[in-house]
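Between the sequences and the hints, there should be enough to build the whole structure, so can you do that?
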Amino acid sequence: MSADATISFTRHAGLIVQLGLVVTLLGCSSILPQSQSHSAAPAEGHFHPKGKAPSEHTLRVLEQARETLPFDDTRDFDEDKKGFIAAPEAWTIQADAGHVAWDMERYKFLLDGKEFPSIHPSLQRQSTLNMNFGLYEVIPGFYQVRGFDLANISFIQSENGWIVFDPLTSAETSRAAKKLVDEHLGERPIVAVVYSHSHGDHWGGVRGIVDEAEVAAGKVQIIAPREFMLHTISENVYAGNAMNRRLFYQYGILLPASPYGHAGQGLAQNISIGNVTLIAPTRVIEKDIEELTVDGVRMIFQNTPGTEAPAEMNTYFPDHKALWMAENVTGTFHNIYTLRGAPVRDALRWSKYISRALHLFGQEAEVVFASHHWPRWGNDRIQEILRGQRDLYANINNQVLHLANQGVTINQIHNVYQTPEGIAEIWANRGYHGSPEHNSRGVVNRFLGYWDANPATLIPLSPADSAPLYVDMMGGAEKIMNRGRSLYDDGQYLLAQEILNKLVHAEPGNQEAKDLLADVYEQIGYQQENPGLRNSYLAGAFELRSGVPGGAQIETTGPDVIRAMSTELFLDFLGIRMDVRKAEGMAFTINLVTPDNGERYIVELSNQTLTNIGGFQADDADLTVTVDRTDLESVMMGAKRLRDLIADGTARAEGDVAVLDQLASTLVSFDSRFEILPGTVGEAALAEREGLEVGATGRHAE
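Residue numbering for the sequence shown follows the working numbering, starting at 3 and increasing by one per position.
Hints are computed from structural coordinates only; laboratory data are not their basis. None of these values were measured; they are calculated from a predicted model. Each hint can be trusted.
Restricting the straight-line Cα-Cα distance to at most 20 Å, the calculated cross-link-like pairs of lysine to any residue (SDA-like) are:
hint, residue 1, residue 2
1, K584, N614
2, K83, D114
3, K84, V369
4, K323, R358
5, K221, G163
6, K116, D78
Distance windows between CB atoms, simulated:
hint, residue 1, residue 2, range
7, E570, E439, 31 to 39 Å
8, R383, D630, 49 to 57 Å
9, Q414, D75, 30 to 38 Å
10, R389, T70, 20 to 28 Å
11, E601, D75, 50 to 58 Å
Just so you know, even glycine gets a beta-carbon here, dropped at the ideal spot from N, CA and C.
Right, dumping it as structure tokens:
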């Protein structure tokens, strides 16, 4: 970066992890079951010219699932459609910026009534249920719009309007949901919005339904759990760019919707890519249990910090016997460890909060509804779901630690731990977001960390350094390829993955090896019930075959989100963006003063490390910059340089302004298309993807 580079929080830095890039590939269609060896022709209708159909071994795995899972329990289908009022005519929602913000049209293949041999039957069942698209009545006065985003938006009728729970990810989808409500239930003003927790798909659409002027005037309350703003902004900043890249895998955002590709996301079909907004809460629920009446609606809030989100709360409506479980109890085993990356969650704590809700409210509740999926009615059914999920999270915590205390390591636990049959036979406990495999490893990591206590893994070689030795000892690439093909043909995909991964790391330019590993990944992906695992394998297969697609960068922030970020967080992230090699020999101290909010910081570069401390000023600072926090936000968004604010008088500087140029010269703008699998970025990868229609078709509106 040049000396006059902007000191800014770049838009693609990953402030909120959200899908910001959609890629359209070649068209796809359903297939008939067929088996083939590794040398078979590409599957008919596959979106990739090298893509394969499910093998006979994969077909057997999926057939066994059909025979053993409780498909005769169809209560979810009855509950899924109960209370349906209307669906919109259009299956897509346009973004204000001109692209498509939401597209259910591309998932209509799930309504064909076919059993797809390339989708795990349990996942296909869940994705079919998630085609619930429209306005539904929960009970009189309680309504949900489902299928407009990753989450549901709920409308609770009050004396003079609506109380809205969780206004989706994007302003456009939230606005479209309100329009559907207006059309069928009559226009009523919104008197309050409740953010159930700190994840972006539960607050990002607020400006689609609420004008901030109405909030400022006291006409609309914004209610949130304690520490909501802190965790909303901070959870995904520091490793945000890496999280965005990993989303390519967990959420399969480079895969087309197809029986061979993206087949739903478990919580819903996908996430919208419109304008992400935020209005700060006007009322924070601070107590563990707190009752509040808003426009005649009595609500009892239960704070549940450190469960599905670091800031989250359930809500009980005692006058209606309706229990809102936020995202603590939905129709899936959720993430203890999330594949995109996030702090590992406390499964036992999560279980205890569910248990508390069960005993506080669940003994009398007659309906339970949540921010994803569909409601359950009747107290027996409610207690079944709450007890099942309570036991699910407690069991994985307790039994994983039981096994760990007998020597089972993080690298073994996923092959040892099994969810008890009584828990697993409840459909709501199946792994449609989290999985027993990666969640069990997460529990070990939470308590014991990544090390398996084998000294050989204390200072391991990097894969690219160790792989050539393995390849040499195995007799070279030809022998590995022959053995890999044999293992593939025998359906021994995990064994094939083990040796082919070594070869690809040793020889990143070996496209034949990458193609065979991609074939292996594809079969493993088809066999997965969990969409995050499926997507990760299929995304890996795509990148091995065609490289990391180009196109626009992921854009994950908007002005509202930037304004909500603390000054300290901004300064911390500058330290992460610094390339220490460029800071060699540099040393300076900057005082930063923001008079409008009374903040003072020392920013110091020493030992090739940038640090900051709030509440202090240095007597011998090289530079003191005084700028209102509201003006600093333009720098944080990348719209202006701090130098520009000084030049036009918006900011005042005392001392050596040249230190700003020194700082700027060390900063790196992260690229969210960095290489994960060997040989997927570069000339060879670019040549491989010629002929594929790959490119960004959506972005966040500014």
